[in-house]
Structures are given as C-alpha cells and as structure tokens.
Amino acid sequence: MPSKDTTTEKNETTGNLVTVYIMGKPYEVPSELTIMKAQEYAGYRLIRGVGCRGGFCGACTTIYRKREDYKLYIDLACQTKVEDGMYLVQIPFVPAEKPQWNLEDLEANSDSIIHFFPEITRCVSCNACTQACPQNLSPMRAIQAIRRNDLKMAADLSFDCVSCGACSVRCPAEITHYHVFQLVRRLVGRYVQKRAEHTAERVKEIEAGEYDADMDILVGLPEEELKELFVRIREGNPLQLPEREVGKHD
Amino acid sequence: MLYYPGCSLRNSYPEFEKSALETCTRLGIDLAEIPEWNCCGVNFSLSDNIMRHLGAVRTLISAQEMPDLSGDEKVVALCSMCYNVMKRVNLTLKEDAEALENVNLFIDDEVDYRANLEVIHFLQLLRDDIGFDHLSDCVTVPLKGLKIAPYYGCALIRPESIAIDAPENPSIMEEFIRSVGADPVDYPYKTECCGNYHTVMRKEIVELRSKVIVDSAKLAGADLVVSTCPLCTYNLRLGVRALEEKTPILFFSQILALSLGVNPHLSPEREKNVRELLEGMKSYAK
Amino acid sequence: MVNEMERRIGEISGVNVDACYLCGKCSAGCLFTEQMDLLPHQVIMYIQRGDDSVLNKETPWICASCFTCSVRCPRGIDVAAVMEGLREIQIRKRGYQKLDLKKIENLEDLPQIAVTAAAQKLTW
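Residue numbers (the numbering used here), protein chains in the order written: chain R, 1 to 250; chain H, 1 to 286; chain E, 1 to 124.
Do not take every clue at face value.
Claimed, not checked - Each pair of labels, with its calculated beta carbon distance range:
1) K93(E) <-> D69(R): 46 to 56 Å
2) M1(E) <-> N102(H): 22 to 32 Å
3) A28(E) <-> Y191(R): 50 to 60 Å
4) S267(H) <-> W101(R): 24 to 34 Å
Hints were generated in silico from the structure; no laboratory data involved. The beta carbon of each residue, even a glycine, is placed where N, CA and C say it ideally should be.
Isolated chain R, as found in the complex (with noise of 0.2 Å):
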C-alpha cells in the first residue's frame, strides 16, 4: 500500500509558485505538485528512478532537505509534494548484490539468512533504517525479529516494502534490508504459513473439467457484453454466466 495519500493528483493549480533545488539548480514549480511531476514540469525527462507512479514499485526513492532544517529526509518522490526551498536528490537505485538461493535447499530458520546475510549480525539496533523508510516499517524490528529466529514476524513487518533502499543506505551496519526480507518472506511463504488448500482444491476441479462448460460460455460472449460482466464482477457482483447452448458460437 502506498503510504501517503494522492490528493495531489488533481491538475487544478491555486498560481502558487515554490522554488526546488534539482540537482542544485533552483526551479520555479507549482506547489500542488508532487515532486516526481515536478520534476517533469522543470523539463526533466524521467527514464530512470521512476515506475508504477503510484507509491508501489519503490523506483523514485528521493533524498532532500528543507529549508533550515538539518535533517534529512527520505520519500517516494511520486507520494510526496514540493515544498518551498527543497533541496531534492534522487537515487535510481541502491547497489547491492542480490545472493543467489535456492529456496527448496534452504530451511526456514536465521541460520539460513546469515549463511547469505552475515551482515544482520551488524545491527546495533540504532533505528537508523525506520527513520529513513518512507513506507513507515520498521527494518530494525524485522532485522531483530530474524536474529530472535521469528521468520514470521519479520516477513509480517516487511510485508509492505517496496524495496526502495532508503534503509540500505543509512544503514551504518551496511545491511541490504530488502533483499534480506524478500528471502525471508519467500522462507516463511515456503515453509512457515500455512499452505492455501482450497487452491490446492480448486486446480483439482478446473483439472477434472468442473469449469469447462463456464470456459466455453465466456470464449462465446460478444465482447461488449464481456466488458459489462467483468465491470459487474469488479463490483463485487457474484458471477452470473447468461445461459447458453455451449458450442453456438462457432
């Protein structure tokens, strides 16, 4: 989920000009924007540090400080609005190695993730990665949470990252918080949570052909009547297949 709201999506502008500083050159931009846009509306082309637009893939990771203001600050530059006097710097990305693994020769416990993270064993517990993480998580308890061997509770804390690296780079310990949690949650999806058995069900009756009638109803349907069910459905609706004589439309 992203984490800020998107209010500032309407094109409706008060005439409210700030000054941004991209790159150290100051920019006379809307005060509705978010920063993403604009950066756009300065002339940037964005073709790096930049995704779904909407605060889920962790692309457009943004560094600024404000105006007498010491500290600073870390968000998704497409969930965030401009401020007057922003000093903004975007990093397309976080170097770091991904391991390779093998999930079926791995066992759910810390001991696995040290053999590929030795690093986690650097944590201090400073917090220096909550502070930084624009999703508000808390990498630090999940980083704890492995070292305690509680694979759950880490893959439950680091459920909503959007593996930006905002937290791999104040990390003094030098850890790679989100490669180290999507192999967590891949061990406890693996092994830990329970299995989902009415999937496990439902392959076995699209297997013995439970569905095929349905299929060959849907295939039929003019498109436009296609388009009404699939809005119906999205809308919450049970699925109502129309009756028809299978096989009438070839």
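Given chain R, work out where chains H and E should sit, using these hints.
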C-alpha cells in the same frame, strides 16, 4: 522475573533454553519473556561509541515497559555472554547519568530508559532467590557419583564489577553441582578463556585453548563439563573433537533438568554418551 | 605531557595508560601471548612512548577480551579496554576491516553468537 533468551538459544542451542524453562516450571519460577528483545551485541563494547550499547538498551526499555511491573524488576539471562553485556550496559547507565542521558537522547523514538532494572544470571537466581539448599531438596534424581567439571569462562566472573562470584576463585558452579547431587571436579583452567570469537577467523587459537581446558578437566577425572555460554560450548566441543575423545560438554540447565527428572533435551548425537554415563550411576540404574 | 597516542586511547577507552608502571603482570597472566607479536605490557609501553607503530601489531587483534589482565592489574588499568581502543582507531579508518564476513569458511557450522561477536569486533 523478566527473561532475556539471546540469539543462540533460539537457533543453534535450543536445548539450553528448553531444559532451563522446564526446570523453571518444576521449581515454580515464573519467567516472562521480554517482548521483541534485541541482540545484545555479544561482547560489551569498551569504546566511547554508545551506538554499540543500543541493542541492550532497547531490550531494557522493552522490559521496563512490560505491563504490571513493580518498578525494580530483575532481568534474568541464561547465556553468560548476554548476562555480561546486559549487566555492563545497565551498570554503565545506572552509574553514569550523562551516559544515560546521551543514550536516551539518541533513542528518541522510544520512551526513556529509567535505569531501575537489575540484570542477573540464572545461576544467581538459583543461589539467591531459590537457594542451593532448597534446590537440593527439590532434586528427585540426585546425580550421585557423576563427576562434573564446571567451566566458568570469562563472562560470569570478569570484570570484577559484574562478577557473580569471586573472579579469581569462584565457587558458585561447584555449589550448584553439589546441590544437584553430583561431585564438582576442581581443575586449574576453569576460569580461562576459550578463545571467544577467534573461532571465526583463527580457529587454531581456539582449538589450542579448548584442548588445554578439556584435557585438564579430563585429567582431574571429569565425566563431563558444564558451561553457561553457547560460544564456550561451541569452542570446547572443538577442543573435544581435536583431542579425538568424547567428554560431553553440556549446559548447566541440562544437568539441573536431569536432577529434577524433567527433560534435559539432550541432542541426539550427544545423548548416547550421557546416557551411558547415567546408566553407570546408582540413582539412575534403579 | 600526554602524547597523541595516550590522548586518543584515553578518549576512546577512558583509560589513562600513564598509570602503568610496567610490572608485566598482564603479560604474565595473558593466555594468548604465544600468538602475540608484542606483550600486553609492551603495548602499553609503546603507547606511553607515543609510538604509533603499535597500531600495526597483531597483539590488539589477538586479545580476546577475556579481562584476565584487567582484573589483575595492580594499577587498576583496564588493559582489555586499551586493546579495544587500538582496534577502534584502526576500524574507524575509512574502508578498514579486519574480517571479511563473506570469507568465513565454516559459516554454516558457527552459532550466531560467534558470528555476531566477530562481526561486531572486527568489521566496522
């Protein structure tokens, strides 16, 4: 009583914690685990860098904020390394108001630590709260005739400010061993260092040290060695392997569990040796 | 006058090495002297002389922080803390690390307590 387990009890050595918790149930000791405890950092940092103490401080804050506390609670640790670090950090903050203020200023994302907790080791709990006399009354299977060498290592007795007994000539483990009905074995290397973290990069140093320690205990007639630290245990077992012999290195809580008739959680690969030892004892034979 | 080495060690470890009268008790009790290239009391002596070549000796890295020396020092010097001070001076330098975590050979076999201890003491 608030309880701090430590990382290695949740990973490599679950038998340490499990046996201890079962003895607590038997002895009526109520341990409440500190929620979301952090890694203590293992070796107390001797530098001016307060960042190295943060893990321990965050754990102490987490303990302090547990519900229904009377205000002067004790935090008990099983691992002697954890005890050492937690105790030293706590002591620093109790004695140095400036250090406490600095740490609290640094940790501005949590409530302040008030430095009113006490950190103790499980052996102190047995000695001071339960009492070794009372403990021996609770023993149902006295380990008669079993010769046990106590291994203190460093963390329980050095430096002096945090020692749970006399640093140069401690006796708390001997008293403990007597209270479970076994015979403590005296040997000159019981307080000598096993080589600590050199086991990671300079294994030969650790092998040298632990060979001397295990050999000395063995020469003094020990059937087994008990330790209070997962790192010492790991290192001493390296020594046992290097000597190509079989002296079991157990955690003190496993000996306690055996004497109270609860599950000692002996790990399969070592169980055989210990079972053989126990079968040779009268109290177990009957 | 306090020399630069003494000042830095005092700053990091809080120890006044000038209090040492070089009796050698620390070296007599140290379990690791066989592996050291300088005895513990000699380390103190180097610092007293302001000789920073002590930073490049192996002795501070061989010290396992067992505190036998600190407990026995008749002058109350925390010798283990002096060793930590020397390690810290090195470790705080840009790019310096004594241990490469990716080169630990028997990582699978080691308990977390061992990896953590080494990582915290030898990497920063």
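Outcome of the hint check:
1. K93(E) <-> D69(R): 46 to 56 Å: violated, 31 Å
2. M1(E) <-> N102(H): 22 to 32 Å: holds, 30 Å
3. A28(E) <-> Y191(R): 50 to 60 Å: At 53 Å between Cβs, range holds.
4. S267(H) <-> W101(R): 24 to 34 Å: holds, 27 Å
Checked against the numbered hints given earlier, this structure breaks only hint 1.
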